[in-house]
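Peer 1: We have chain Y already, so just place chain S on it with the hints.
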Amino acid sequence: MTNLLATDPLFANGLTLAVFLIVIIKVVVAFAVLMGAVTLMIWFERKAISDMQSRIGPNRVGPWGLLQTLADGIKLFFKEDLIPAESDRFVFKLAPYLVVVPAFLIFSVIPVGGMVTIAHHTFQLQVADPPMGILLVLACSGIAVYGVMLAGWASGSKYPLMSSVRASAQMVSYEAALGMNVVTVLLVCNSLSTRAIVDAQGGSFFHWNLIKTGLVPFVLFLIAATAELNRPPFDVVEADSELVGGFNTEYSSIRFALFYLAEFMNTITMSAVMVTLFFGGPAGPIPNIPHLRWLFPILWFTGKVVAFCFMYIWFRAALPRMRYDQLMDLGWKKLIPASLAWMLLVAAALTSWRWALVVLSGIFIGWLALSQAFEIGSAREQSNTSVLPAIGQRPLSGRALRRFTDHEAPVDDETTDHDEEVEA
Amino acid sequence: MSLLATVTLPDLAIFILGAALCVTGALGIILTKNPVHAALSLVMTLFGIAVLFIELQADFLAAVQIIVYAGAIVVLFLFVIMFLGVDKEEDLSIEPIVAQRPLAAILVTALMASIVALGFIGHFEVGPPSQTAALTGGGGNVADLGKAVFTTYLFAFEATAGLLVIAVIGAVVLARRSGDDEGSDAMLMEELS
Numbered sequence: 001m002t003n004l005l006a007t008d009p010l011f012a013n014g015l016t017l018a019v020f021l022i023v024i025i026k027v028v029v030a031f032a033v034l035m036g037a038v039t040l041m042i043w044f045e046r047k048a049i050s051d052m053q054s055r056i057g058p059n060r061v062g063p064w065g066l067l068q069t070l071a072d073g074i075k076l077f078f079k080e081d082l083i084p085a086e087s088d089r090f091v092f093k094l095a096p097y098l099v100v101v102p103a104f105l106i107f108s109v110i111p112v113g114g115m116v117t118i119a120h121h122t123f124q125l126q127v128a129d130p131p132m133g134i135l136l137v138l139a140c141s142g143i144a145v146y147g148v149m150l151a152g153w154a155s156g157s158k159y160p161l162m163s164s165v166r167a168s169a170q171m172v173s174y175e176a177a178l179g180m181n182v183v184t185v186l187l188v189c190n191s192l193s194t195r196a197i198v199d200a201q202g203g204s205f206f207h208w209n210l211i212k213t214g215l216v217p218f219v220l221f222l223i224a225a226t227a228e229l230n231r232p233p234f235d236v237v238e239a240d241s242e243l244v245g246g247f248n249t250e251y252s253s254i255r256f257a258l259f260y261l262a263e264f265m266n267t268i269t270m271s272a273v274m275v276t277l278f279f280g281g282p283a284g285p286i287p288n289i290p291h292l293r294w295l296f297p298i299l300w301f302t303g304k305v306v307a308f309c310f311m312y313i314w315f316r317a318a319l320p321r322m323r324y325d326q327l328m329d330l331g332w333k334k335l336i337p338a339s340l341a342w343m344l345l346v347a348a349a350l351t352s353w354r355w356a357l358v359v360l361s362g363i364f365i366g367w368l369a370l371s372q373a374f375e376i377g378s379a380r381e382q383s384n385t386s387v388l389p390a391i392g393q394r395p396l397s398g399r400a401l402r403r404f405t406d407h408e409a410p411v412d413d414e415t416t417d418h419d420e421e422v423e424a
Numbered sequence: 001m002s003l004l005a006t007v008t009l010p011d012l013a014i015f016i017l018g019a020a021l022c023v024t025g026a027l028g029i030i031l032t033k034n035p036v037h038a039a040l041s042l043v044m045t046l047f048g049i050a051v052l053f054i055e056l057q058a059d060f061l062a063a064v065q066i067i068v069y070a071g072a073i074v075v076l077f078l079f080v081i082m083f084l085g086v087d088k089e090e091d092l093s094i095e096p097i098v099a100q101r102p103l104a105a106i107l108v109t110a111l112m113a114s115i116v117a118l119g120f121i122g123h124f125e126v127g128p129p130s131q132t133a134a135l136t137g138g139g140g141n142v143a144d145l146g147k148a149v150f151t152t153y154l155f156a157f158e159a160t161a162g163l164l165v166i167a168v169i170g171a172v173v174l175a176r177r178s179g180d181d182e183g184s185d186a187m188l189m190e191e192l193s
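Here the protein sequences come in this chain order: Y and S. Counting from 1, one number per residue, gives the positions in the first sequence under our numbering. Counting from 1, one number per residue, gives the positions in the second sequence under our numbering.
Isolated chain Y (complex conformation) (with noise of 0.2 Å):
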């Protein structure tokens, strides 16, 4: 095991009762810190909601409602704890904790600090540091899916299994646009441990790999990993004017907490995860106050992760849900190529600025065929001759509805295809 854990000082000198008790005190840590930090978050998401839609929110339990999400939390443990009769109880019951597990062991990578020293012992601030760090990271979101189709099926109704089934193929989806900017932000680190690809990452604010992979894998990264969150605007999930809940309709007590933890503390460690990639992760100048020094880095961290975590709240705020069909051209269509295309160019240019050129013309070959590809498809799709069934599998083109809707309308072929231009 001498490889897995050989880049933490920690263990240099062999394994000791101080450095086991270190680990264990590790651990403890990180999990009160990221359950704390989900009650947290849930009350800041409420609160931040409620002021954006002129509201008051949470504001009864607790100074400013703080603990509201403790007396839910109380409230949900001591409901009854209902299981269907048509559900197939162990994967019903399984489901909820390969959701939540997945969302901690995220956490175990990060680097929310810098190095420590407690009594002669010198200590990485992240509870471990693997040589595969971010592929970790890609693993237990990849597991995670299995939660939230598990718990759509195992439930035994139909709603739920829609639900389930969406999200899963969006989260399979999403998952290759969000690995295809890992590999950007490796090619330039050079290293796949997360402590590696922060410590790349020090210096001044243009060493961030924001700035470094040229902040077009950010964008992407961004969009994909709200779209792997099923947080809005992507959470056809749980659109509740189609599906009455989502995947946990059928979950009560207990269990349905489990989800409703899980969810928001995936939006943490999404956060972290984008903070550590692009953002530095614990970097940032650090004032010269003997035995503070230790402290900077933990707040950058923290100060960046809210940052994040308020912007998701705002993406919930402002902006309408996607329809499922537009989730999936976006994902396959635009930021799979999108991310491909980067992700060769950043190859290139690392190599010299001769082969970035030969890519970039590559590129712009591939996005004429692609672009030209996709026009004939749409074509295809909306032709007479279309292979596809107008109902049932995908929503009929604007043109078609407008017909079943406008009777009065005239419908000669002159102003629809006007209209459909200024619809392009």
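Watch out, some of these pointers could steer you wrong.
Per the computed footprint, the stretches of chain Y lying under chain S, defined by three or more beta-carbons under 8 Å from a beta-carbon of chain S, are [to be verified]:
id : stretch
1  : 132-141
2  : 145-152
3  : 157-169
Restraint-style ranges between C-beta atoms, simulated for each label pair [said to hold, decoys possible]:
id : chain 1 : residue 1 : chain 2 : residue 2 : range
4  : S       : V98       : Y       : R89       : 33 to 43 Å
5  : S       : V7        : Y       : F364      : 49 to 59 Å
6  : Y       : I74       : S       : E158      : 16 to 26 Å
7  : S       : T151      : Y       : L299      : 39 to 49 Å
8  : S       : F83       : Y       : E375      : 24 to 34 Å
9  : Y       : M35       : S       : A171      : 22 to 32 Å
10 : S       : G119      : Y       : M115      : 41 to 51 Å
11 : S       : I16       : Y       : P285      : 48 to 58 Å
12 : S       : A171      : Y       : L40       : 40 to 50 Å
13 : S       : I16       : Y       : V27       : 15 to 25 Å
14 : Y       : G62       : S       : V7        : 24 to 34 Å
15 : Y       : Q372      : S       : I16       : 50 to 60 Å
16 : Y       : T117      : S       : V68       : 38 to 48 Å
17 : S       : V7        : Y       : W353      : 44 to 54 Å
Rather than coming from a laboratory, the hints here were simulated on the basis of the structure. Beta carbons: idealized from backbone N, C-alpha and C, even for Gly.
Peer 2: Same frame as chain Y, now just chain S:
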């Protein structure tokens, strides 16, 4: 027996854990009657293999095992099971293909025998770190793997990529229906107007 004497206790414990996960999962795949439970057992086996990969210091393979096999392929299995509605218990006494079971038994025995034979004949630098650290240097292997794939084994790598592209295009061609005028927008509009 010299091997057992030098393997450290953590290495042995992790191996036993991983092997137990693999075997339990594999038994679950063939013994459970519900296809969804069988697919979940498959995930458990893949997890066990990932644990064994980590024990062999193949971190990258372990992560890819989870991301690709558990995270994508078995998810697609489950998709098909759920979409086709075959998530019912099956009657295992029906044998759909004649002589399938005896043939399977013979093939599996031959395969197991060849694997065991390879273990005796071949010389591999695999094993717990306490055994192989001296041979491999004990460092991370992601960079080594990348170099090997893109230099020594480049042709095999590209051939595999080509094969996958052919498979994808083949699937698309097979899934396409012929361009008949069945159920198009225009037809539907005529019907409804």
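Peer 1: If you test the structure against every hint from before, which numbers come out violated?
Peer 2: Hints 6, 9, 14 not satisfied by this model.
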